[in-house]
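Q: Please arrange chains B and C on chain A, whose structure you already have, making use of the hints.
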Amino acid sequence: MNKPLNMYTSLTNRRSFIKKMAIMSAMTAAASMFPGILFADEQERNLPKSGNLDWKKAPCRFCGVGCGVLVGIEAGKAVAVKGDPKSPVNKGLCCVKGYHSVLALYGKDRLTKPLVKKNGKYVETSMEEALDLVASKMKETIKDHGKDAVSIYGSGQWTIPDGYAASKLFKGCIGTNNVEANARLCMASAVTGFLTSFGIDEPMGCYEDIDHADVFVLWGNNMAEMHPVLFSRLLDQRLKRGVKIIDFATRTTRTSMAADKSILFLPQTDLAVANAICYEIINNGWANKSFYEKHCNFKKGLTNMGYGLEDNYAFKDKPEAISFEDYKAFLEDYTPEKVEKISGVSAKDIKYMAAYYGDPNKKVMSLWCMGMNQHSRGTWINNLVYNIHLLTGKISTPGNSPFSLTGQPSACGTVREVGTLTHKLPHGVVMNKAHREFAAKIWDVPVENIPAKPTYHTVEMFRALDRGDIRFMWIQVTNPMVTMPKLKRYRDGAKKEGRFIVVSDIYPTPTTDIADVILPSAMWIEREGLFGNSERRTQHFEQMVEPPGEAMSDTWQLVEVAKRMGYEKQFYYNEDSHVEEIYTEYRRHHDNKKHNMAPLEVLKSQPGAMWPYVDGKSTKWRFNAKYDPACSNGEDFHFYGKPDGKAIIWQRPYEPAAEEPDTEYPYWLNTGRVVEHWHTGSMTRRIPVLHKAMPHAYVELNPGDAKRLQIRTGDKVKLTTRRGEIILPASINQRGVPAPMQVFVPFFDENMLINDITLDSFCPISKEPDYKKCAVKVEKV
Amino acid sequence: MPIKSYLAHPHEGKKAHLIEALKSLEYCEVIPAENKDLLIVVTDTHTREQEDHLKEKIESIASLKLLAMVSGFNTK
Amino acid sequence: MKKRLGIISLFVLLFLAFILVWNFSYQTGREEAYVPIENITSISLIPSETGVFERSEYAFDYVNMPVDENHQRSLETYYDNRAFHGAPPSIPHFVEDERNMGGKACLKCHEHGGFVEKFQAYSPVTPHPEMVNCRQCHVPQQTNSLFKGTNFHKVDAPEVGVNNALQGSPPVVPHQIQMHENCLSCHAGPSAPKEIRVTHPERVNCRQCHVSNNKEMTDIGVFKRTNQDEAY
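Chains as they are written, first to last, in our numbering: chain A, 1 to 781; chain B, 1 to 76; chain C, 1 to 232.
These are computed hints drawn from the structure, not numbers from a lab. This list has only true hints and no planted wrong ones.
Listed next, the in silico DSS-like pairs over lysine-lysine satisfying Cα-Cα at most 25 Å (straight line): (1) A:K777 with A:K707; (2) A:K108 with C:K154; (3) B:K57 with A:K20.
Listed next, the stretches of chain A that the computed footprint assigns to chain C, with coverage defined by at least 3 CB atoms under 8 Å from CB atoms of chain C: (4) 19 to 33; (5) 70 to 83; (6) 90 to 99; (7) 686 to 692.
Positions of the beta carbon are idealized from the N, C-alpha and C atoms, including for glycine.
Bound conformation, chain A alone (with noise of 0.2 Å):
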């Protein structure tokens, strides 16, 4: 410290020192009769003022939990992080990328000016030119080629507000359902499981869950390295209380080895294992039949819905009401004994898995993030599970949990909530009228001008840029040309002569490299925003830096645009105070009992808020008439978000995978992260701690395989698949272990596109990528 008595400077009364003493030593006393007594607040208070830090709270900007951190200022600069023991989602705990998220700030190359690409040069220029450039580039693309060739692509990185602006700027001014996000890419199967089986998005539990259930099931996620503070949670409900928890993976990682018990499954069969426990529930009568008698109904949909991997590919499932003899007649196919032969699982760990469920005294929380949602059978996976739960009325109720967790900060809070996805409203879908009329009201725009018809979801949007459908794309906080499966596709089409692409980012990217103009962005808490994290909670975080040099937030970029383009009327937000007044319009649209958001001045008192938010209270477990105002039909289960109150328990099959191995490419290739890097790793990356420790990717393989392949650890590794090849380190019995025939790339590392050569199918229903199956040739180079 430079001045070391200046903490005395508020200590010139002697008397109210002693005053201290006496109250600390009255704590301490106290602290050692009543160990984890907490003065919290009147401690903090009594504190002398220091010279040092500057403590603000804002959620972590990395992953979806959520985690509430504590950013240290000093003299204008973010300095250091520690976790907020006030907020209920980490209870003071980060990991390593929520302590050193600040560094993000700071990276030597940060993008402070904007870029416009002249006779294929980069020129330095201002933002008030730059932005004049992009609004005319998208009139003069609206004049030649109409509203439809004009796109917005987004992400779960998006603020609240940045996202809002987006869609009001396109859906509602513009007139194009062109809005997408990468949340497309990571949570659209999570949002469909959840529209087919209840009829309205997001959890209904919440963190607190993990504090009351007795059994955890990670359905094929690896939260020890992806969602490591509630794990930690999970850990310390094992030491508190011996909690289970039960890895169902298809690869050996650290959440296997911590875990009570690993299970292993060949991929895609998650969908084969899911119906036998449904089957040994029934068979053995466990199912809580008066709870699925008055809560659910029985459907079926359609089948051999295909993968998507042709261009304009549509598809619309078509339901049908069964009887519960239909669905256990369904069943008769899925038998422990004879999943056992698809899946690779033994009959006996199905059964083991389906006891806990059974077991009316077991409180059980099912877990999963990207292994079911990046699935080929995304939505249907998602269903299954559901059904576990609503067979055995194991839902809803604290402990009693099936929980999607999410990657991005805000992809519940902006992509689900505020909609940026084309088919969708912050309130409802563009296919329906009053949906339509209601938003344009709010929006103050005609409601002719919002399309009755979604256009591209993300895979089809940039398919449609490749083609020349759209000629003008603005990419905002995110990397598609890291994250697009068969990437190579895509990143030729975004070249092409004719396309025009604005990237807002922070750093070069390989995104800022396909672009013709390139916005410097203010990240974080370098701007005022609010994230929405996987339990509804929706949180604000006010400005603490300068953002550096001409750098400005998305959601002011898309206002000037906006205002340029001449929608002063509907973008009429001051400089000052846009936020606030953005999330107040905002609020208008969720402004009922079933998704009512808490008003800002609370989000700025305390740590973040669930929805919905009624009479001053968050609503913890929704669907449960204990805990939620909005239940109305006077039973204790009122699923409101299906016309008739029930959820639906849907009749889904297994299907394979869209590329299965054969002799030619016969390994599987699964993608995905770890836990020093998050997402493409553009920002973790530049976060010298976190570099040094994981550099670089590399392809896992089974020790089997390799001592076959004579491949050693370091060693180059050619993968060849349909779409190309590429060379990577090989890593053996490291980080994780692929079960055999199978290999796995994390898909950080933009100077190994793992992505060039994935497969570009996805889940007819949610039009979401599976980037964790496709065949691939294995050889020593």
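A: Only chains B and C this time, still in chain A's reference frame:
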């Protein structure tokens, strides 16, 4: 001019009452624990007499089960 | 005979009643897969006060430990593997099992410390051994290179010997204590940096004399007494 700190234990369920009662006294500051039935009481009086008088008043509060002194200072 | 019949019918009755009651409770147990939850009123936070006494049972061992002058750590290098003071330190040595989240593998050395021949050093003692997913926060370093440079400003860590009010008065705690509430783990024993090793570890109630000095929330300025208007 004595300053003393005490731990005060309320009778069961009477924590709120005790806090209120103590707060209404002069020269007396209360810091309740958030998660336990325990309060810290700090008295800051001008003279010994005041101090004794205050202590009597505190001890006469009905919701107080036990009062234990932790530290005492006297500044002159 | 009558008596015997009476006894038999009594037992039959009792048995039937038992079956009835047992069946009923079994059925209800199955029907309602719902166990009422007692209302949990306060969230169990990581308490800011508990850690302080954690290692106090070893206090007298600490007192009697001879100082190993040749293998002392010093503050000069203490902050080298921390991005800022208070950040989780990175792991400066090779880690055997990448697939292990930590737990016993780390705690066997870092729970109680001890001399490690291989590194010619005493292993530092963790202040939070109850948190077993070590590697969610502590990562080893595989390379010295950077992906891109950084302009992050590393604030100076607090200095020693400048934070007491009067000559000889107890210094205040100049750093954050969250996650390292347990004073003795870093301030006592052979792995403690020599500058901050406490001379009196046996007086375990550290925070009786050493108050913390970090502005967690908004400052309220000079303390003002309330209730002044009340009549005496």
